[in-house]
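Q: Required output: the full structure, derived from the provided sequences and hints.
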Amino acid sequence: MALLDEDRLFPVDGKTRDLARALYADIKDLPLISPHGHTDPRWFAEDQPFADPAQLFVTPDHYVFRMLCSQGVALADLGVPRVDGGPTETDGRKIWGLFAENYYLLAGTPSRMWLDHSFQHVFGIDRRLNAETADWYYDHIADCLAQPEFRPRALFKRFNIEAIATTEPATDDLRWHRMIRDSGWNGRVITAYRPDGVIDPDMAGFADNVALMGQQTGFDTATWAGYLDAHRARRAYFKEFGATSSDHGHASARTEDLPQNDAAALFQKALAGQCSPEEADIFRGHMLTEMARMSIEDGLVLQIHPGSRRNHSDEILRTFGRDKGFDIPGRTDYVTALRPLLNAVGMNRDLTVVLFTLDETSYARELAPLAGVYPCLRLGPAWWFHDSAEGMRRFREMTTETAGFYNTVGFNDDTRAFCSIPARHDVARRVDCTYLATLVATGRLAEDEAPGLAHQLSYGLAKRAYKL
Amino acid sequence: MALLDEDRLFPVDGKTRDLARALYADIKDLPLISPHGHTDPRWFAEDQPFADPAQLFVTPDHYVFRMLCSQGVALADLGVPRVDGGPTETDGRKIWGLFAENYYLLAGTPSRMWLDHSFQHVFGIDRRLNAETADWYYDHIADCLAQPEFRPRALFKRFNIEAIATTEPATDDLRWHRMIRDSGWNGRVITAYRPDGVIDPDMAGFADNVALMGQQTGFDTATWAGYLDAHRARRAYFKEFGATSSDHGHASARTEDLPQNDAAALFQKALAGQCSPEEADIFRGHMLTEMARMSIEDGLVLQIHPGSRRNHSDEILRTFGRDKGFDIPGRTDYVTALRPLLNAVGMNRDLTVVLFTLDETSYARELAPLAGVYPCLRLGPAWWFHDSAEGMRRFREMTTETAGFYNTVGFNDDTRAFCSIPARHDVARRVDCTYLATLVATGRLAEDEAPGLAHQLSYGLAKRAYKL
Amino acid sequence: MALLDEDRLFPVDGKTRDLARALYADIKDLPLISPHGHTDPRWFAEDQPFADPAQLFVTPDHYVFRMLCSQGVALADLGVPRVDGGPTETDGRKIWGLFAENYYLLAGTPSRMWLDHSFQHVFGIDRRLNAETADWYYDHIADCLAQPEFRPRALFKRFNIEAIATTEPATDDLRWHRMIRDSGWNGRVITAYRPDGVIDPDMAGFADNVALMGQQTGFDTATWAGYLDAHRARRAYFKEFGATSSDHGHASARTEDLPQNDAAALFQKALAGQCSPEEADIFRGHMLTEMARMSIEDGLVLQIHPGSRRNHSDEILRTFGRDKGFDIPGRTDYVTALRPLLNAVGMNRDLTVVLFTLDETSYARELAPLAGVYPCLRLGPAWWFHDSAEGMRRFREMTTETAGFYNTVGFNDDTRAFCSIPARHDVARRVDCTYLATLVATGRLAEDEAPGLAHQLSYGLAKRAYKL
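Residue numbers (my numbering), protein chains in the order written: chain C, 24 to 491; chain A, 24 to 491; chain Y, 24 to 491.
A portion of the hints provided could be inaccurate.
[Unchecked claim] What the simulated footprint calls covered on chain A by chain Y, stretch by stretch (three residues with Cβ under 8 Å from a Cβ of chain Y suffice, anywhere in the stretch; the number is not a length): (1) 86 to 92; (2) 335 to 342.
[Claimed, not checked] Computed far set for chain Y versus chain C, every beta-carbon distance over 12 Å: (3) Pro83; (4) Glu112; (5) Arg116; (6) Lys117; (7) Leu168; (8) Asp196; (9) Leu235; (10) Gln239; (11) Ala286; (12) Gly296; (13) Met317; (14) Gly330; (15) Glu413; (16) Gly483.
[Unchecked claim] Ranges of calculated distance between the beta carbons of each label pair, as one might list FRET restraints: (17) Y:Ala295 - C:Ser299: 47 to 53 Å; (18) A:Asp346 - C:His478: 55 to 61 Å; (19) C:Pro300 - A:Asp373: 32 to 38 Å; (20) C:Glu263 - Y:Asn334: 39 to 45 Å; (21) C:Ser206 - A:Asp373: 49 to 55 Å; (22) Y:Ala295 - C:Ala288: 36 to 42 Å; (23) Y:Ala45 - A:Asp373: 56 to 62 Å.
Quick caveat, the hints were computed from the structure, so don't treat them as lab data. The beta-carbon is built from N, C-alpha and C at its ideal position, and this holds for glycine as well.
A: What follows is the structure, encoded as structure tokens:
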């Protein structure tokens with residue numbers, strides 16, 4: 024029994040399905056461009072085997088453990104580490120068993136499809152995961168992980184990844200990227216510049232991070248001019264390790280364009296830890312515009328990922344820390360928020376700003392109209408909770424009519440779950456082919472135009488937008 | 024001629040339709056679980072015949088009279104009673120005629136399908152309602168209502184209702200429920216605890232209601248501690264009449280978790296009628312958290328129904344009173360609003376909080392992410408204006424991928440229109456089978472997994488979530 | 024090769040497609056009612072040939088040039104005139120070439136379908152537009168435009184327009200409308216009353232416009248009473264030229280109902296240029312209620328078009344002026360905003376208020392519930408960015424279940440692109456037939472009810488709502 028339907032995500036109507044299937048056949052084997060994600064560069068640097076099935080599939084995947092948590096499973100029982108180093112489950116087989124008996128909870132979710140895809144395509148499994156098959160699964164996957172062809176670099180090749188970007192803080196020493204480069208391995212693993220820790224005055228350690236950036240670059244980051252120069256230097260350093268983009272995970276899409284004197288004064292307050300919440304927000308907003316100006320100079324693509332209310336549960340943050348599935352989206356305004364940046368640099372053709380959202384109400388109302396007119400703007404793909412069949416369909420249906428296809432940038436997997444990467448790209452390719460086939464079947468696109476667009480959506484647009 | 028298409032609401036694609044039809048055949052005759060509604064317990068207590076066709080179908084159904092009103096029909100001409108007792112139409116046949124000649128206005132609405140369902144299945148009618156058939160309809164339905172098999176208890180059995188909850192104010196004496204119990208009739212009609220009148224300082228009669236609750240329970244409700252104890256006692260009293268849930272119809276989802284001293288002080292201001300609007304809102308929000316704490320003690324499921332801007336028209340409120348179709352939804356935030364309650368008790372596995380919304384933009388953005396991680400949270404079904412084919416489809420499409428099926432609670436009819444209950448459940452069952460069939464047909468669910476899920480969505484989840 | 028698929032926008036399922044096709048066949052040749060638009064009355068007054076293909080299709084169409092702009096084409100290179108009269112491209116063939124080589128960017132957008140419709144149906148073209156065919160296209164269209172049958176009045180007849188409304192400022196002398204009337208031509212071109220310039224204190228020239236309205240009417244517009252009388256007189260003047268509606272393009276849907284003394288005092292502040300932004304907003308809001316009161320007197324339909332954040336780019340506004348594709352929608356509240364007007368006049372059956380939105384989240388949540396109960400309210404069609412296949416589908420799916428069909432007003436093209444008018448109506452007719460066919464195929468509408476509704480949606484509702 025195959026875990027996956029070969030025609031999954033294609034239209035139910037026979038003729039439209041045939042169109043989708045034909046489009047998909049043409050592009051399904053294109054290399055993967057993964058310009059935005061969170062895999063660990065250390066994997067590719069050291070190329071050590073993954074620890075065990077639970078460490079590969081359960082403990083680090085917040086999509087999985089949040090669903091189990093929602094039905095009463097304790098995070099500690101899934102091996103999620105505690106901030107205080109206190110006891111959590113460490114027996115991989117036990118964690119796996121708990122996962123297996125609750126696997127049915129994932130019915131209808133994208134995680135289910137990603138996992139089944141990994142089980143079938145990466146590990147050659149043909150039976151369904153449940154309490155009965157749990158041990159068999161565990162043994163089988165553990166056996167595989169011990170084989171050389173399941174090491175990170177081997178999987179990288181097998182997954183047909185042409186380029187993958189990781190994400191590192193501005194002050195990261197990029198040691199793993201250096202190790203990859205020095206190793207002579209020809210896999211293209213690049214970094215991306217994530218300066219939240221040196222831009223957000225509310226982040227723990229902000230002033231220390233800024234000071235560290237000064238040491239790293241030799242600029243006097245106690246001054247506004249030196250601070251900007253240090254950014255320039257770190258961006259250049261990241262570019263040495265392949266970076267083509269920066270990434271900014273602010274709570275809102277707020278931008279500002281302050282006079283330089285005001286920005287400098289606010290920077291001093293931020294360093295002194297004296298910003299009010301509103302001033303901190305203004306500073307973050309202003310720094311997006313500064314980042315955009317640097318992007319015009321050095322060509323890094325600016326990615327804005329707003330809208331998540333992070334760490335919604337105090338108890339979980341206290342016990343397990345950040346990124347534990349308790350980040351909840353909220354309403355996000357773009358029209359007013361982006362105006363200062365767009366008025367400053369929005370008509371510049373040397374700038375690319377990729378916008379993401381967790382608030383789908385902005386697709387048709389705000390993002391498509393903005394991206395459909397400003398030369399610098401492009402729309403990132405359906406993101407996070409919306410990295411799914413319905414989420415991707417809504418993205419296309421709500422953006423294409425106003426922004427077209429060429430103001431979008433293909434697919435980003437945005438994941439730290441390595442084995443899910445081919446699964447996620449496959450879902451995106453299928454959904455996009457289904458969308459194109461539907462346009463053809465309803466006379467909204469000529470049949471001879473669809474294959475070229477399928478190629479663009481699967482490969483070309485990402486490669487071009489991210490300069491890969 | 025049948026009024027209803029046997030395959031209504033199934034997919035148009037032949038193969039997918041076959042899948043849906045098979046799923047539906049399996050579950051269509053399951054008993055109805057109706058854990059949240061507004062039928063009148065007096066019907067079941069006294070078991071008297073319904074008055075006349077207009078009193079059954081038109082005058083009490085705000086879905087019907089709001090549509091006629093929107094096209095210029097006066098509420099008084101439909102027999103809607105005036106607050107001042109002034110004259111309104113009382114001739115059932117005349118009201119019915121006005122309804123019949125305007126019945127075409129309901130084309131494409133769920134009311135049309137519920138009414139046709141009632142006409143066909145409850146009254147065996149095979150011709151369409153319009154001006155020509157109005158009198159025939161009136162006579163036929165009036166004749167039926169005079170028969171014993173159309174009395175409330177007989178219909179209850181015929182509708183295959185396993186359990187139905189009505190909703191009573193916290194200070195209700197539950198006399199009709201007592202009469203049902205004392206009658207020895209075996210229909211399961213239970214109450215639900217609706218304490219808005221003793222929780223909302225802005226409600227007319229708030230202090231009197233609180234005082235009455237004191238008399239009913241023997242606690243000194245002039246004190247904060249006594250007030251909470253009185254709630255506990257009334258909840259226990261409601262549980263004696265089968266209650267398994269409380270229900271809270273606040274304008275927003277705001278919750279608060281005040282220090283007890285502050286809550287006590289605010290309660291005194293509320294009793295004295297001295298709360299500012301903001302303070303009244305804080306008090307309501309805090310009381311949701313107190314109710315949640317009591318739910319952990321006594322097991323009542325907490326239902327939050329926010330988002331309606333009640334009584335939008337001053338003239339209608341003045342003339343005809345509340346609940347006259349002029350309640351209009353508005354934007355509703357959940358992420359920030361629920362945080363105090365969730366931080367207080369959200370990780371407790373002994374608590375069930377069911378969330379409803381009239382703001383569909385919150386489904387994918389807020390509600391599914393919240394319910395997909397907090398153990399206490401479950402999503403109520405598509406509600407009120409969204410209790411419809413498209414509304415239910417959007418609910419599934421926008422919540423399943425993030426929250427799965429098991430964080431939802433099946434269907435609630437939420438109605439005071441008794442004959443519409445089987446019709447509404449039937450719509451929900453058909454739409455859910457169509458959704459499941461579509462997942463199967465597009466390879467997102469294995470075919471052997473669908474029947475069990477259909478059973479859960481139609482019956483099991485409601486029974487379990489509401490402890491029935 | 025036909026540019027258009029004959030079955031475009033019909034359902035993909037065979038049986039449902041047959042239903043849609045049959046419905047469409049019945050109504051596709053009905054005359055066009057165009058009650059809201061922005062064609063230039065001068066065209067019909069002078070009946071001169073259109074200048075050249077670029078002036079017809081590219082330079083005035085913000086849907087087209089905004090997409091090219093979004094991919095880096097300069098507006099000046101498309102011949103968009105500069106505010107300062109500075110140089111822009113004037114060579115029609117060059118502009119056309121730039122348009123042709125970028126035509127692929129419009130794939131999947133409604134503009135592509137409207138343009139192909141015009142090319143095929145108006146100009147008899149059977150090859151696709153691209154860089155290779157650009158010159159051929161230019162020559163062919165230019166040749167056509169030189170023929171008498173491509174002059175405005177001939178096209179008007181050929182397009183089967185029964186009535187078309189243009190939009191003129193309150194102080195317009197309506198000279199072109201007078202010229203049309205005096206010419207004896209029998210095409211029905213009517214005006215609509217657009218008083219933004221004499222209602223919005225923030226508009227440049229507000230006080231001068233009000234003074235001019237005084238001169239035009241003989242009323243003393245320096246007084247509140249005279250100002251209102253002048254509105255009445257101008258409305259009557261517009262009615263002489265066929266106006267059946269007024270149109271109001273405010274940023275929000277805010278309404279107010281001030282005491283007359285307060286309104287009079289605010290008007291004096293507005294004339295003196297001393298309104299704060301908030302006061303200006305209150306004044307605009309109050310004037311909507313005054314306009315509604317006048318509508319009850321004189322029968323003009325009141326159209327409210329809120330939600331666009333105009334002129335988002337300062338640079339584009341400075342260089343090219345208003346209406347250059349940089350108007351971006353934002354969140355729009357209706358429930359609170361409309362309440363003052365609705366409390367003042369909302370139950371009046373002699374009033375028709377047509378509501379439009381750019382914020383689709385309000386369809387199911389706010390607009391359908393409001394229009395489904397207030398006698399004065401009707402919903403305008405999917406508008407501007409949503410005048411598209413997906414936009415229209417969402418409109419029907421999200422409004423019909425609550426507001427029905429009869430609280431909607433058919434289609435408005437709202438365009439200044441003359442040749443796109445039949446194309447736009449054709450899209451609306453196809454999408455509505457598809458929607459109705461889907462309701463029939465899924466048992467939500469009886470098959471014999473669909474043709475009458477198709478007629479209403481295509482023709483009857485617009486004619487009745489706008490009194491044409």
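Q: According to the definition I'm using, a residue is off the interface if its beta carbon is farther than 12 Å from all beta carbons of the partner; does Gly296 (chain Y) meet that for chain C?
A: Correct as stated: the minimum Cβ-Cβ distance to chain C is 25 Å, above 12 Å.
Q: Against chain C, does Pro83 (chain Y) keep a CB gap of more than 12 Å to every residue?
A: holds (16 Å)
Q: Is the distance from the Cβ of Ala295 (chain Y) to the Cβ of Ser299 (chain C) consistent with 47 to 53 Å?
A: violated (37 Å)
Q: Confirm or reject the claim that Ser206 (chain C) and Asp373 (chain A) have a C-beta distance inside 49 to 55 Å.
A: Holds, at about 54 Å.
Q: At 12 Å, judged by beta carbons, does Lys117 (chain Y) keep clear of chain C as stated?
A: holds (20 Å)
Q: Does Met317 (chain Y) really sit off the interface, with its C-beta more than 12 Å from all C-beta atoms of chain C?
A: Non-interface label stands for Met317 (chain Y): nearest chain C Cβ at 32 Å, farther than 12 Å.
Q: Go check the stretch 335 to 342 of chain A versus chain Y for me, would you? Three or more residues, Cβ under 8 Å, otherwise it fails.
A: holds (count 5)
Q: Is 39 to 45 Å respected by the C-beta to C-beta distance linking Glu263 (chain C) and Asn334 (chain Y)?
A: Because 42 Å falls inside the window, the suggested range holds.
Q: Go ahead and decide if the range 55 to 61 Å is satisfied by the Cβ distance of Asp346 (chain A) to His478 (chain C).
A: The hint (55 to 61 Å, Cβ to Cβ) holds, given that Asp346 (chain A) and His478 (chain C) are roughly 57 Å apart.
Q: In terms of Cβ atoms, is chain C entirely out of 12 Å range of Glu413 (chain Y)?
A: violated (5 Å)
Q: Taking 32 to 38 Å as the hint, is the beta-carbon distance of Pro300 (chain C) and Asp373 (chain A) inside that range?
A: holds (36 Å)
Q: Does the no-contact call for Ala286 (chain Y) survive, Cβ to all of chain C over 12 Å?
A: holds (29 Å)
The structure shown violates the earlier hints numbered 14, 15 and 17.
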